[in-house]
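One letter stands for each residue in the lines below.
There are 2 protein chains.
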Amino acid sequence: MKLSVVGSGPGRAEGMTGAARAALAACDLICGYTAYIDLVRPSFPDKRYFSTAMKSEVERCRAALKFAESQNVAMVCSGDAGVYGMAGLLYELWEPSGPVTLEIIAGVTAAQSGAALLGAPLMQDYAVISLSDLLVDWDVIEKRLHGAGMGDFAVVLYNPGSKKRTGHLQRACDILLQYRGGDTLCGVAENIGRDGETARLMPLSQLRDFSAGMFCTVFIGNGKTVELGGKMITLRGYEAKR
Amino acid sequence: MKLSVVGSGPGRAEGMTGAARAALAACDLICGYTAYIDLVRPSFPDKRYFSTAMKSEVERCRAALKFAESQNVAMVCSGDAGVYGMAGLLYELWEPSGPVTLEIIAGVTAAQSGAALLGAPLMQDYAVISLSDLLVDWDVIEKRLHGAGMGDFAVVLYNPGSKKRTGHLQRACDILLQYRGGDTLCGVAENIGRDGETARLMPLSQLRDFSAGMFCTVFIGNGKTVELGGKMITLRGYEAKR
Numbered sequence: 618m619k620l621s622v623v624g625s626g627p628g629r630a631e632g633m634t635g636a637a638r639a640a641l642a643a644c645d646l647i648c649g650y651t652a653y654i655d656l657v658r659p660s661f662p663d664k665r666y667f668s669t670a671m672k673s674e675v676e677r678c679r680a681a682l683k684f685a686e687s688q689n690v691a692m693v694c695s696g697d698a699g700v701y702g703m704a705g706l707l708y709e710l711w712e713p714s715g716p717v718t719l720e721i722i723a724g725v726t727a728a729q730s731g732a733a734l735l736g737a738p739l740m741q742d743y744a745v746i747s748l749s750d751l752l753v754d755w756d757v758i759e760k761r762l763h764g765a766g767m768g769d770f771a772v773v774l775y776n777p778g779s780k781k782r783t784g785h786l787q788r789a790c791d792i793l794l795q796y797r798g799g800d801t802l803c804g805v806a807e808n809i810g811r812d813g814e815t816a817r818l819m820p821l822s823q824l825r826d827f828s829a830g831m832f833c834t835v836f837i838g839n840g841k842t843v844e845l846g847g848k849m850i851t852l853r854g855y856e857a858k859r
Numbered sequence: 618m619k620l621s622v623v624g625s626g627p628g629r630a631e632g633m634t635g636a637a638r639a640a641l642a643a644c645d646l647i648c649g650y651t652a653y654i655d656l657v658r659p660s661f662p663d664k665r666y667f668s669t670a671m672k673s674e675v676e677r678c679r680a681a682l683k684f685a686e687s688q689n690v691a692m693v694c695s696g697d698a699g700v701y702g703m704a705g706l707l708y709e710l711w712e713p714s715g716p717v718t719l720e721i722i723a724g725v726t727a728a729q730s731g732a733a734l735l736g737a738p739l740m741q742d743y744a745v746i747s748l749s750d751l752l753v754d755w756d757v758i759e760k761r762l763h764g765a766g767m768g769d770f771a772v773v774l775y776n777p778g779s780k781k782r783t784g785h786l787q788r789a790c791d792i793l794l795q796y797r798g799g800d801t802l803c804g805v806a807e808n809i810g811r812d813g814e815t816a817r818l819m820p821l822s823q824l825r826d827f828s829a830g831m832f833c834t835v836f837i838g839n840g841k842t843v844e845l846g847g848k849m850i851t852l853r854g855y856e857a858k859r
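Protein chains in written order, with the numbering used here: chain A, 618 to 859; chain B, 618 to 859.
Careful, some of the hints might be misleading.
Said to hold, decoys possible - No more than 20 Å apart at the CA atoms, straight line, and that leaves these computed lysine to aspartate or glutamate pairs for EDC-like: (1) A:Lys-664 - A:Asp-645; (2) B:Lys-841 - A:Asp-750; (3) A:Lys-672 - B:Glu-856; (4) A:Lys-619 - B:Glu-631; (5) B:Lys-841 - A:Asp-754; (6) B:Lys-841 - A:Glu-759; (7) B:Lys-619 - A:Glu-631; (8) B:Lys-841 - A:Asp-756; (9) B:Lys-760 - A:Asp-769; (10) B:Lys-841 - A:Glu-709; (11) A:Lys-841 - B:Asp-750; (12) A:Lys-841 - B:Glu-759; (13) B:Lys-672 - A:Glu-856.
What the hints assert, rightly or not - If you want a taste of the chain A side facing chain B, the calculated C-beta under 8 Å gives, among others: (14) Gly-705; (15) Thr-726; (16) Ala-732; (17) Leu-845; (18) Gly-847; (19) Thr-851.
I should point out that these hints are in silico values taken from the structure, not numbers from a laboratory.
We put the beta carbon where it would ideally sit given N, CA and C, even for glycine.
Throw the hints in and build the complete structure from the sequences for me.
Right, here's the structure in full:
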């Protein structure tokens, strides 16, 4: 049978692609982290669901693959399943010669939905970095931040902080402050596509002291990022051609 | 009136979000580059359209903003309008105190749709770089490639080549080969979500001699990227925890 790994987009049902919606409508069972299940349940109230807690990703993926031996299953992830989601782990646990077909259905990740909320901060090259060190050593994350700073990338930070994990955003800003000024324009998108959706702009010097929770996605401008009409815009280069 | 800047996703209508579809259904006029218009016209055959050629982006955006003074307009971009699309330029040309409201509706960009096609190559931090030097000097692009190499980012290359612009992919690979081995797993996604959709895997040493056209998106793995079941997977780090 088939296991469809579905990115459900930023939040509300309208952020979901037609392909994602079709996969959820067609499957027999929807699996996922409880909070993501809650986002799709209103659209598919009559489906069967299997939900697991956060941090039990291996268990959740093993269960979904087992279920998919005898029924069509959708594993739902917020945003895109291929960006810090379950797509990779499912491939790791999947048996290519076994009875389950695996397909990934792309969704709108927070880099894109947050950018749309803030303006157009990713009009030039950008780097996406997670500040969670649960699965990656902090020194690797620091190396990435240095690479992003050196390359003058616009930067999107996922998982900038949580109750247990504080200080990471400040350390990330301090590294980027070695490469760009404290007045570099930054933005924080919170609860994208959900109740309490908020967009804030602030300079990098202020971002370092900002308390960003787990529903925040952080955008750090590069040398071409400006504020226009209250929005965060990274100039693509057309102004130089005009 | 309103100008909605709509990312239509990778190609077929099923790659479009519900919000994008709703904006196109609600507007009076759909503007865009001819090739992108052709992708949405089958879904909205009765709409009025205004299409312009490639490279006339400033003209296209000025016209859309002018039209939006008296009617509701949607500007359609393939993928996501905030990634090398029209979102930034429209903000540059927009008059915040004028009669036009500007909104960006996020779409699935080729980094995500191509990744889903190839497997799960972006499960760790990644950098998105365009190899087009039409608007950005090549030395800036080289600096970004060095930053991505130094940071061990998985790399997504947009605009890897065209008939007029050859040799850029080879130069990009040669820079990354200073930081990672020739056996680094890479992938090329072509015509994502369209007729002729193709996914190819190859080592970095072979990618440097690959002729990538303008409908290709190129993925270069990092130190954690492996081939599993014929797919390109960047390991997230769960295997170290198990």
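Outcome of the hint check:
no.: 1; hint: A:Lys-664 - A:Asp-645; verdict: holds, 7 Å
no.: 2; hint: B:Lys-841 - A:Asp-750; verdict: holds, 16 Å
no.: 3; hint: A:Lys-672 - B:Glu-856; verdict: holds, 14 Å
no.: 4; hint: A:Lys-619 - B:Glu-631; verdict: holds, 19 Å
no.: 5; hint: B:Lys-841 - A:Asp-754; verdict: holds, 13 Å
no.: 6; hint: B:Lys-841 - A:Glu-759; verdict: holds, 17 Å
no.: 7; hint: B:Lys-619 - A:Glu-631; verdict: holds, 19 Å
no.: 8; hint: B:Lys-841 - A:Asp-756; verdict: holds, 15 Å
no.: 9; hint: B:Lys-760 - A:Asp-769; verdict: holds, 8 Å
no.: 10; hint: B:Lys-841 - A:Glu-709; verdict: holds, 13 Å
no.: 11; hint: A:Lys-841 - B:Asp-750; verdict: holds, 16 Å
no.: 12; hint: A:Lys-841 - B:Glu-759; verdict: holds, 17 Å
no.: 13; hint: B:Lys-672 - A:Glu-856; verdict: holds, 14 Å
no.: 14; hint: Gly-705; verdict: holds, 4 Å
no.: 15; hint: Thr-726; verdict: holds, 6 Å
no.: 16; hint: Ala-732; verdict: holds, 4 Å
no.: 17; hint: Leu-845; verdict: holds, 5 Å
no.: 18; hint: Gly-847; verdict: holds, 7 Å
no.: 19; hint: Thr-851; verdict: holds, 6 Å
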